[in-house]
Amino acid sequence: MAAIKMKERSLAGSTGIELARALVVDESWNQLNKLTQLMEMIMYLQHEPVFSKYCFYGCWCLPYGAEAMGKTAGDPVDEIDATCRAKQLCYKCAQLDYGANCKATVGYRFKGYTLNGERRLRCLDTENTCERALCECDRRLAEKLSYLEDTSSFDYHSKYGDFNYAETCVPKCQNCQKWDECCGEYPERYPFFSDYGNKGCCGRKTYYKSVLQCCKNDILQPKGTCQYGYGK
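Residue numbers for the sequence shown follow the UniProt record's numbering, beginning at 1 and rising by one.
It should be emphasised that the hints constitute simulated quantities derived from the structure, not laboratory data.
One should not assume that every hint holds.
[Stated by the list, open to error] Keeping only pairs whose Cα atoms sit at most 25 Å apart, straight-line, the calculated SDA-like set for lysine to any residue is:
1) LYS178 - CYS226
2) LYS172 - GLU79
3) LYS92 - MET43
4) LYS172 - TYR64
5) LYS92 - LYS223
6) LYS144 - TYR190
7) LYS144 - ASP155
8) LYS205 - CYS226
9) LYS172 - TYR147
10) LYS111 - LYS144
11) LYS144 - LYS223
12) LYS199 - GLN221
13) LYS103 - GLU118
14) LYS103 - VAL211
15) LYS178 - MET43
16) LYS103 - ASN116
17) LYS223 - GLU181
18) LYS205 - THR129
19) LYS111 - GLU188
20) LYS144 - ALA73
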């Protein structure tokens, strides 16, 4: 326990930009700028702004640092990790929606502001663009992490703790490489395999078109039972 506390004090003393630079092995400016943006978003909403506790964390929170921002796999180890996974899925949809150049390292514009005594974030890029989509993905991550701030554990740190990423984070998704469509709205949009057009999206749920139909108000019903004039 004493060792963990010592590590925590050491991490808390790291400045954000120093950490960002340390994580970027190849000094890629795109990665550095994007990591800095993500760091600023997260730290703006934290009561104790320590970005390092979300790096090399679990299976999905920058487990390899910024040089492999999209290298993730396995089941989330806790709610923080699940939140990072949702962000990665959101990123995947941004690339599916806006093309291969819409990478995780693409930057965006945002601002922090205070409303009724609470800090909030706002994305500033035009809607329906790659930049806006990625910003919304990161904004939701920062918001959710602000509620989970006190739940992080060094048990899930592969760099600062004893977490073994290679043994724990084993790929389990059978169709991940086949993801070709997305469902839901940003920032909670997620990818899925359409099974060559046989599977569709209704609101935030996926369904097989041979069995179900998406009816009014995004309600799934047995095929052929939608109210006349509605259904897809």
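Cross-check of the supplied hints:
1. LYS178 - CYS226: violated (30 Å)
2. LYS172 - GLU79: Answer holds: LYS172 to GLU79 is near 19 Å, not above 25 Å.
3. LYS92 - MET43: holds (24 Å)
4. LYS172 - TYR64: Holds: LYS172 and TYR64 sit about 19 Å apart, inside 25 Å.
5. LYS92 - LYS223: Between LYS92 and LYS223 the Cα gap is close to 30 Å, so the pair fails against 25 Å, i.e. violated.
6. LYS144 - TYR190: holds (17 Å)
7. LYS144 - ASP155: holds (20 Å)
8. LYS205 - CYS226: The hint holds at about 17 Å.
9. LYS172 - TYR147: Given that 25 Å is the threshold and the Cα spacing comes to 28 Å, the pair is violated.
10. LYS111 - LYS144: holds (17 Å)
11. LYS144 - LYS223: Measuring from Cα to Cα gives roughly 37 Å; hence the hint is violated.
12. LYS199 - GLN221: holds (14 Å)
13. LYS103 - GLU118: The given pair, whose Cα atoms are some 31 Å apart, is violated under the 25 Å limit.
14. LYS103 - VAL211: Since the Cα atoms of LYS103 and VAL211 sit roughly 35 Å apart, the hinted pair is violated (cutoff 25 Å).
15. LYS178 - MET43: violated (35 Å)
16. LYS103 - ASN116: Violated, at roughly 35 Å.
17. LYS223 - GLU181: OK: LYS223 and GLU181 at ~21 Å, within 25 Å.
18. LYS205 - THR129: holds (23 Å)
19. LYS111 - GLU188: Measuring from Cα to Cα gives roughly 20 Å; hence the hint holds.
20. LYS144 - ALA73: holds (21 Å)
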